[in-house]
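These protein sequence lines are chains G and S, in that order.
Letter by letter, the first sequence follows residues 1 to 386 of the working numbering.
Letter by letter, the second sequence follows residues 1 to 354 of the working numbering.
Take these hints with a grain of salt, some might be off.
[To be verified] Derived coverage of chain G by chain S (criterion: at least 3 residues anywhere in the stretch with Cβ under 8 angstroms from a Cβ of chain S; other residues may be distant):
1. 6-19
2. 296-308
3. 368-378
Since the hints were derived computationally from the structure, they do not count as laboratory data.
Quick caveat: nothing in here was measured; it's all calculated off a predicted structure.
Glycine included, each C-beta is placed from N, C-alpha and C at the ideal position.
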Amino acid sequence: MTAALRFDPIRLPRECETLRKEVRAFLAEEIANGTFDPHSPQGGDRDVPGFSKRVGERGWIGMTWPKKYGGHERSFLERYVVTEEMRVANAPTRRFFVADRQSGPVLLKYAPEHIKMDILPRICRGEVCFSIGMSEPNSGSDLFAAKTKATKTDGGFLINGTKIWTSSAHVANYMLAIFRTSPPTKENRRHGLTQFLVDMKTPGIKVNPIGQLTGKAEFNEVVFQDALVPDDHALGEIDGAWKQATSELAYERSGPERFLETYYVLTELVRALGDAPDARGAEGIGRLVAQLHTMRRMSVSVAGMLHAGKEPVVEASIVKDIGTVWEQQLPHRVRDLAAFVEPDASNHEILDTVLPYAMKVAPKLTIQGGTTEVLRGIIARGLGLR
Amino acid sequence: MAESENIVVETAEKIFADLADAQTINRDKKGEWKAPLWRALTEAGLPLSWVGEDCGGSGASLAEGFGVLGAAGRFAIAVPLAETMLAGWLLAQAKISSPDGEMTVAPASPKDRITGNADGSLSGRARGVPFAKAARHIAVLASGSGGFSVALVDAAKCRIEAGLNLASDGSDTVTFDHVQPIAIKPAPKGFDQTSLMLMGAVARSLQIAGTLQSMLDISVRYANERVAFEKKISKFQAVQHNLARLAGETAAAMTAASSAGDTIANAAGFDDAVFLEATAAKIRCAEAAEKGAAIAHQVHGAIGYTLEHILHRHTLRALAWRDDFGHESYWAVELGKRIAARGADELWPLVASR
Numbered sequence: 001m002t003a004a005l006r007f008d009p010i011r012l013p014r015e016c017e018t019l020r021k022e023v024r025a026f027l028a029e030e031i032a033n034g035t036f037d038p039h040s041p042q043g044g045d046r047d048v049p050g051f052s053k054r055v056g057e058r059g060w061i062g063m064t065w066p067k068k069y070g071g072h073e074r075s076f077l078e079r080y081v082v083t084e085e086m087r088v089a090n091a092p093t094r095r096f097f098v099a100d101r102q103s104g105p106v107l108l109k110y111a112p113e114h115i116k117m118d119i120l121p122r123i124c125r126g127e128v129c130f131s132i133g134m135s136e137p138n139s140g141s142d143l144f145a146a147k148t149k150a151t152k153t154d155g156g157f158l159i160n161g162t163k164i165w166t167s168s169a170h171v172a173n174y175m176l177a178i179f180r181t182s183p184p185t186k187e188n189r190r191h192g193l194t195q196f197l198v199d200m201k202t203p204g205i206k207v208n209p210i211g212q213l214t215g216k217a218e219f220n221e222v223v224f225q226d227a228l229v230p231d232d233h234a235l236g237e238i239d240g241a242w243k244q245a246t247s248e249l250a251y252e253r254s255g256p257e258r259f260l261e262t263y264y265v266l267t268e269l270v271r272a273l274g275d276a277p278d279a280r281g282a283e284g285i286g287r288l289v290a291q292l293h294t295m296r297r298m299s300v301s302v303a304g305m306l307h308a309g310k311e312p313v314v315e316a317s318i319v320k321d322i323g324t325v326w327e328q329q330l331p332h333r334v335r336d337l338a339a340f341v342e343p344d345a346s347n348h349e350i351l352d353t354v355l356p357y358a359m360k361v362a363p364k365l366t367i368q369g370g371t372t373e374v375l376r377g378i379i380a381r382g383l384g385l386r
Numbered sequence: 001m002a003e004s005e006n007i008v009v010e011t012a013e014k015i016f017a018d019l020a021d022a023q024t025i026n027r028d029k030k031g032e033w034k035a036p037l038w039r040a041l042t043e044a045g046l047p048l049s050w051v052g053e054d055c056g057g058s059g060a061s062l063a064e065g066f067g068v069l070g071a072a073g074r075f076a077i078a079v080p081l082a083e084t085m086l087a088g089w090l091l092a093q094a095k096i097s098s099p100d101g102e103m104t105v106a107p108a109s110p111k112d113r114i115t116g117n118a119d120g121s122l123s124g125r126a127r128g129v130p131f132a133k134a135a136r137h138i139a140v141l142a143s144g145s146g147g148f149s150v151a152l153v154d155a156a157k158c159r160i161e162a163g164l165n166l167a168s169d170g171s172d173t174v175t176f177d178h179v180q181p182i183a184i185k186p187a188p189k190g191f192d193q194t195s196l197m198l199m200g201a202v203a204r205s206l207q208i209a210g211t212l213q214s215m216l217d218i219s220v221r222y223a224n225e226r227v228a229f230e231k232k233i234s235k236f237q238a239v240q241h242n243l244a245r246l247a248g249e250t251a252a253a254m255t256a257a258s259s260a261g262d263t264i265a266n267a268a269g270f271d272d273a274v275f276l277e278a279t280a281a282k283i284r285c286a287e288a289a290e291k292g293a294a295i296a297h298q299v300h301g302a303i304g305y306t307l308e309h310i311l312h313r314h315t316l317r318a319l320a321w322r323d324d325f326g327h328e329s330y331w332a333v334e335l336g337k338r339i340a341a342r343g344a345d346e347l348w349p350l351v352a353s354r
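The shape of chain G in the complex, shown without the other chains:
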């Protein structure tokens, strides 16, 4: 079976390095202008509309999409470079990142032409924010238990029900959601769900922010009460959303954001331990860097396969499983290694401010976008165990 597991040593092509320099220069300028603070990971979710638009002007949103929709027809590997540089700099990408990674590609594949022509160019310009409506109060990892109903009516569908844990819904212009259009069948419990595009300004939608343990409220409860969604906003096959979900997952699961979420604590650990750490500190740094390097090479390898038109679903799930567990443990390993830092003779001020935040963020990393348990189930299926 392992013959099927492939992680070829794919390297980013030369043109990516030119682009990397451009992205670093752009970010340095933004930092110098005070758009965001690279030492403040909390700011990554901040709303900085001007930033999104400037990223759009550079052509770094919708990079891989056709030019006719505002895209730039650049390679998936080039997009990879932009993503990782933005993430490492703690740039405020949240407003456009979901649309760029997931929602845009879904629209490209399933939306009618006039909707594509309307929305995709605006995503590319950094003007619109998307949220993803999957989870419900009684349907989390078990996606196919979703109950929020889309009932056919004149000129569209009436939506009734509640989505929950919906990131960015309070600021999003649109949501891509799955709603129940038919009951599941005996033979196929996945049957009966349809993917929809929802304009968040539609009457009958109420967004209630939910406080998170970090003190922020960036996910929400979204209540639908007779919200009318037009017919042409149903994406793809009616009752067949389950067929559409899986191929996008490889993109969603294997990117640099799946292991770099808490990266800043490693940088700050190196800063705090100084240029000549003791054996314990050096060993700790060495192991963490070896693990980080390995994950990045795995992630780049999957990106290379996606670029080549393959669908490495199992490999992508492995990257997210290992990557998210790593970025979750990282703040705690860093805390261990920083335990003997000399308080008066060390550059540890930034570490002190970012480490508590990283430890608070850590628990969600193995939950969002497919839990560790779900991922291991997918890997097990790929191994031929189920």
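Starting from the known structure of chain G, arrange chain S on it as the hints suggest.
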């Protein structure tokens, strides 16, 4: 992988499958499989893969040789194939021709030093030298007043105390007491003991990654056969998740090792990129060996703990190979020191450059 690389690796795999099948080896208590295997490998030119035709070898590429080592790992091969390849490679660095037969390299640990004396002889002690007892010749990297030299030494001229690694393969202590080498030449500029250790570490990483792939195969197969509580144990979620983790560790090891091999194959020398890639491979593969071996045994239960079952051929070698050419903790300290010396803000540019 290039087409030619496939051919060399396929040749190796075919020989291993025919003459070194784990089941057959495990039943052969006298080690009668070794001589025919070595003969076939020699006929195919594999032990001297990394030696040019001008120095008596088959002149395969570094990438092809790394592919062979991965295959050797998958079959948990316990003859000095990797060692002879490394020895031939080391000798070729100084344009010394390779002799026939089994070889090994010394030193095999970053802590040991062999010194070149003024009269051209060698002195020093190398511990944990793999297969030294089985080797006819030893390729030695010696330090002297004029820098590093590469030497070819008749193993019979050295004092060799036999030892065993975790998998009961030879791991011997070799003492050089004013041993006159058969040939000695200066190492190329910039080539030092770290270069040899990094190359050895990558070889071992590829072997560990290969043997992890087999552990995963064997464990998946077993879980799909074994019935407990009236169903195949592969249907239990706890078992599935353990095997998914084993797949993850295997994937990490495969990636780290092949990336390091690819880096050395395409590098002009042993630069920072090679240092990061090679040390990361050894560290991550060693970590994967520990976690992977534990899971493979857990899935197998008691049967995997028997001498009769082949699992130990893989798990014990994966664990044993961690010790050669630098313990992973040693490399972690060395890598950590370099990262710290470069400074916090240079870490990401280094990682991103790979």
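Structure-based check of all given hints:
no. : hint    : in the structure
1   : 6-19    : holds (count 4)
2   : 296-308 : holds (count 4)
3   : 368-378 : holds (count 4)
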